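Trainee: Respectively, the protein sequence lines represent chains E and H. Each residue of the first sequence is one higher than the last, beginning at 153 in the working numbering. Each residue of the second sequence is one higher than the last, beginning at 405 in the working numbering.
Because the hints were derived from the structure by calculation, they are not lab data. Keep in mind the model is a prediction, meaning the values are calculated, not measured. Hints are not guaranteed to be accurate.
Each computed DSS-like pair below joins lysine-lysine, with the alpha-carbon atoms no more than 27 Å apart [what the hints assert, rightly or not]:
{"no.": "1", "chain 1": "E", "residue 1": "Lys219", "chain 2": "E", "residue 2": "Lys253"}
{"no.": "2", "chain 1": "E", "residue 1": "Lys648", "chain 2": "H", "residue 2": "Lys501"}
{"no.": "3", "chain 1": "E", "residue 1": "Lys244", "chain 2": "E", "residue 2": "Lys336"}
{"no.": "4", "chain 1": "E", "residue 1": "Lys253", "chain 2": "H", "residue 2": "Lys501"}
{"no.": "5", "chain 1": "E", "residue 1": "Lys585", "chain 2": "E", "residue 2": "Lys630"}
{"no.": "6", "chain 1": "E", "residue 1": "Lys336", "chain 2": "E", "residue 2": "Lys376"}
{"no.": "7", "chain 1": "H", "residue 1": "Lys501", "chain 2": "E", "residue 2": "Lys390"}
{"no.": "8", "chain 1": "E", "residue 1": "Lys561", "chain 2": "E", "residue 2": "Lys585"}
{"no.": "9", "chain 1": "E", "residue 1": "Lys336", "chain 2": "E", "residue 2": "Lys294"}
{"no.": "10", "chain 1": "E", "residue 1": "Lys378", "chain 2": "E", "residue 2": "Lys336"}
{"no.": "11", "chain 1": "E", "residue 1": "Lys612", "chain 2": "E", "residue 2": "Lys585"}
{"no.": "12", "chain 1": "E", "residue 1": "Lys294", "chain 2": "H", "residue 2": "Lys501"}
Some residues of chain H that are not near chain E, with every Cβ distance over 10 Å (derived) [what the hints assert, rightly or not]:
{"no.": "13", "residue": "Leu440"}
{"no.": "14", "residue": "Gly455"}
{"no.": "15", "residue": "Arg472"}
{"no.": "16", "residue": "Leu480"}
{"no.": "17", "residue": "Leu498"}
So, partial list: chain H residues that the calculated Cβ filter (under 7 Å) puts toward chain E [stated by the list, open to error]:
{"no.": "18", "residue": "Arg414"}
{"no.": "19", "residue": "Ile443"}
{"no.": "20", "residue": "Leu444"}
{"no.": "21", "residue": "Glu445"}
{"no.": "22", "residue": "Val458"}
{"no.": "23", "residue": "Ser462"}
{"no.": "24", "residue": "Ser479"}
{"no.": "25", "residue": "Gln495"}
{"no.": "26", "residue": "Phe497"}
{"no.": "27", "residue": "Lys501"}
All residues carry an ideal CB built from backbone N, CA and C; glycine is no exception.
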Amino acid sequence: MTTETLVPFDEALTRYDPVMGLEIHIELNTATKMFCGCPTEFGAEPNTQVCPVCLALPGALPVVNAKAVESAIRMGLALNCEIAEWCRFARKNYFYPDMPKNFQTSQYDEPIAFDGWVDVEVDGETFRIEIERAHMEDDTGKALHVGGSTGRIHGADFSLVDYNRAGIPLIEIVTRTIEVPPEKAPAVARAYVSYVRDLIGGLGVSDVRMDQGSLRADVNLSLKPKGSTVLGTRSETKNVNSFRSVERAVRFEISRHAGILDAGGKVVQETRHFQEDTGTTLPGREKSDADDYRYFPEPDLAPVSPSREWVEELRATLPEPPAVRRARLQADWGFSDLDMRDTIGAGALDLIVATVEAGTTPQAAKKWWLGEMARRANESGHDIDALGITPEQVAEIQGLIDAGRINDKLARSVFDGVIAGEGTAEEVVVARKLEVVSDDGALGAAVDRAIEGDPDAAQKIRGGNLGVAGALIGAVMKEMRGQADAGRVRELILEKLS
Amino acid sequence: MSEPVTGISRDDVVHLAGLARIDLSDAELDHLATELPAILEHVASVQEAAGDDVPAMSHPVPVDNVFREDVVRPSLAPEDALAAAPASDQQRFLVPKILGES
């Protein structure tokens, strides 16, 4: 249906309360797949990382990757979960060509981790998100849909499947239903995903890159009429590839559900696909009931029963909890509460950490990430860590500023060049001729012209009114297209007019 | 995981056939609607043998924690991986379109 009526977000919230559930899939960064020894490199040539096990050839037998279990337990502990004393894998049966086995090896009623929680912050307010479970499973292959509109599922004539990703270990983290003040729902969803990204990233068990699909969020959403306690039918939105999209997907589904319910219609229980370009969702397959997946215990795999000693050993390897780490960083950096809130809101905490580690002061790192980079992220719709610039590159550019080779304004042009792939910061400065001019010959001539052009200001400076020097400095900077060494220009002006 | 199946209707057979993507004729559906319950009943006799003191097992041998080290082993060459595929293109498995098939 493309003719659906959308109710504006604010209006929808006057009649309905949203109920959310979030599922996050995290691809582990193990060297090999969940049940076989195939490598897990991202971006390899199609079907070069497959074997009889992950292609489900007859007679192949899976064996569990010990490292993946270890990572799953550490994730469960970081999410404040209980760790199962005994659990099994289960087959989730469905027919879809991205799964050569015709089932996904997952866990059903016996997840490895359960009953956890995390606290996330939005605008200085803390919300507790309860974790129902975190379970182990294997990833699907990647289908390229050809024909119709190429690359999209809708309108495809046939599909080309690459099974390199099939069998890569995944941990799925499922929240309990989240009910927060309705207007906060989109921001809380985003904050939760961002929090989990930081938390899991800190464990070193995954690359947690939304843009590369190593962290994927599904947004389950339903509405219930104000005052009602009956849950509505939910939709499950997939293909949400950035933190910003999480927020947009929640907003859009609230508007869409409200439109259907206002018209007396029924929401269909289905998978929806988020459309990055329009911020809308389109229907995918109708969602099967859990019964239809005919889950049953996987007979080819032995149960997993992590000893309590092992669990405690792994607990001892956890890094400091995020709240403690944030407090420590805030003190180290001398950031105000507001600075810190902005840093976390922008998803820039780890970026600033890395920039500071690369030798930049916290203040300068904050200036670039919360100013220039946050602006670029907003304008481009990318997440701030997917702009094509690394903390090391930011540190290099700040280093050029500290050395007096460029100034803040010229740095923006250097960022453009580095992001455009023109080379290192140093190479961009040379190629784009961005270096600050501090050569007295060139500057002196420009200063003379500025004095000639504004005799009034020159007279005032001679009379001791140094405050107007700024006007002449501005004229010189303008003539030299921002590339003059402002400090030296000021000195020259004062020398000439003393 | 789920309660033992005690009865299975013709509608259940239609639903299961749909889930399994098997196209059955009316005659086959009629036939299976009588045959499947008989098979289930037969298998259910196993449940009578096991008392409440015998826990359900998913594995014939009581063995836990069979793990493999996270060490890469050689994969198949792509041409071997694709050798049994009915159709392939661009070193990928070619399959019929996915959505709208039901």
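Trainee: Next, verify each hint and record whether it holds.
Mentor: So, going through the hints one by one against the coordinates:
As the CA atoms of Lys219(E) and Lys253(E) are separated by approximately 23 Å, the hinted pair is consistent with the 27 Å bound. Only pairs whose Cα atoms come within 27 Å are accepted, and Lys648(E) paired with Lys501(H) is rejected, the gap being roughly 78 Å. About 34 Å separates the Cα atoms of Lys244(E) and Lys336(E), which puts this hinted pair outside 27 Å; it is violated. The hinted pair formed by Lys253(E) and Lys501(H) meets the criterion: a straight-line CA distance of about 18 Å does not exceed 27 Å.
Restraint check: the Cα-Cα separation between Lys585(E) and Lys630(E) comes to about 16 Å, which is no more than 27 Å; the hinted pair holds. The straight-line distance between the Cα atoms of Lys336(E) and Lys376(E) is roughly 16 Å, inside the 27 Å bound, and the hint therefore holds. Straight-line distance between C-alpha atoms of Lys501(H) and Lys390(E) comes to about 19 Å, which keeps the hinted pair within the 27 Å bound. For the given pair, Lys561(E) sits about 14 Å from Lys585(E) by alpha-carbon distance, which is consistent with the 27 Å threshold.
The straight-line distance between the Cα atoms of Lys336(E) and Lys294(E) is roughly 34 Å, outside the 27 Å bound, and the hint therefore fails. A distance of roughly 16 Å separates the Cα atoms of Lys378(E) and Lys336(E); the hinted pair therefore holds under the 27 Å criterion. A distance of roughly 35 Å separates the Cα atoms of Lys612(E) and Lys585(E); the hinted pair therefore is violated under the 27 Å criterion. A hinted pair counts as satisfied when its Cα atoms are at most 27 Å apart, and Lys294(E) with Lys501(H) qualifies at roughly 14 Å.
Interface exclusion of Leu440(H) from chain E stands, the closest Cβ pair being 14 Å apart, more than 10 Å. Every beta carbon of chain E lies more than 10 Å from that of Gly455(H), the smallest distance being close to 21 Å; the non-interface claim holds. Not every CB of chain E lies more than 10 Å from the CB of Arg472(H), the least distance being 4 Å, so the non-interface label is violated. The non-interface label for Leu480(H) is inconsistent with chain E: the shortest C-beta to C-beta separation is roughly 6 Å, within 10 Å.
Non-interface call for Leu498(H) relative to chain E: violated, since the shortest CB-CB distance, roughly 6 Å, does not exceed 10 Å. The criterion of a C-beta within 7 Å of any C-beta in chain E is not met by Arg414(H), whose closest approach is roughly 18 Å, and the hint is violated. Evaluation of the Ile443(H) hint against chain E yields a violated restraint, the C-beta minimum of about 16 Å exceeding 7 Å. The closest approach between the C-beta of Leu444(H) and any C-beta of chain E is roughly 14 Å, which is over the 7 Å cut-off, so the hint fails.
With a least beta-carbon distance of about 19 Å to chain E, the hint placing Glu445(H) at the interface is violated under the 7 Å criterion. At a threshold of 7 Å, the smallest CB-CB gap from Val458(H) to chain E is about 16 Å, leaving the interface hint violated. A cut of 7 Å between beta carbons decides the hint on Ser462(H): the least distance to chain E is about 3 Å, and the hint holds. The interface hint given for Ser479(H) holds, since its Cβ lies 5 Å from the closest Cβ of chain E, which is under the 7 Å cut-off.
A hinted interface residue such as Gln495(H) counts as satisfied when its beta carbon comes closer than 7 Å to some beta carbon of chain E; here the least separation is about 5 Å, so the hint holds. The criterion of a C-beta within 7 Å of any C-beta in chain E is met by Phe497(H), whose closest approach is roughly 4 Å, and the hint holds. Evaluation of the Lys501(H) hint against chain E yields a held restraint, the C-beta minimum of about 5 Å falling below 7 Å.
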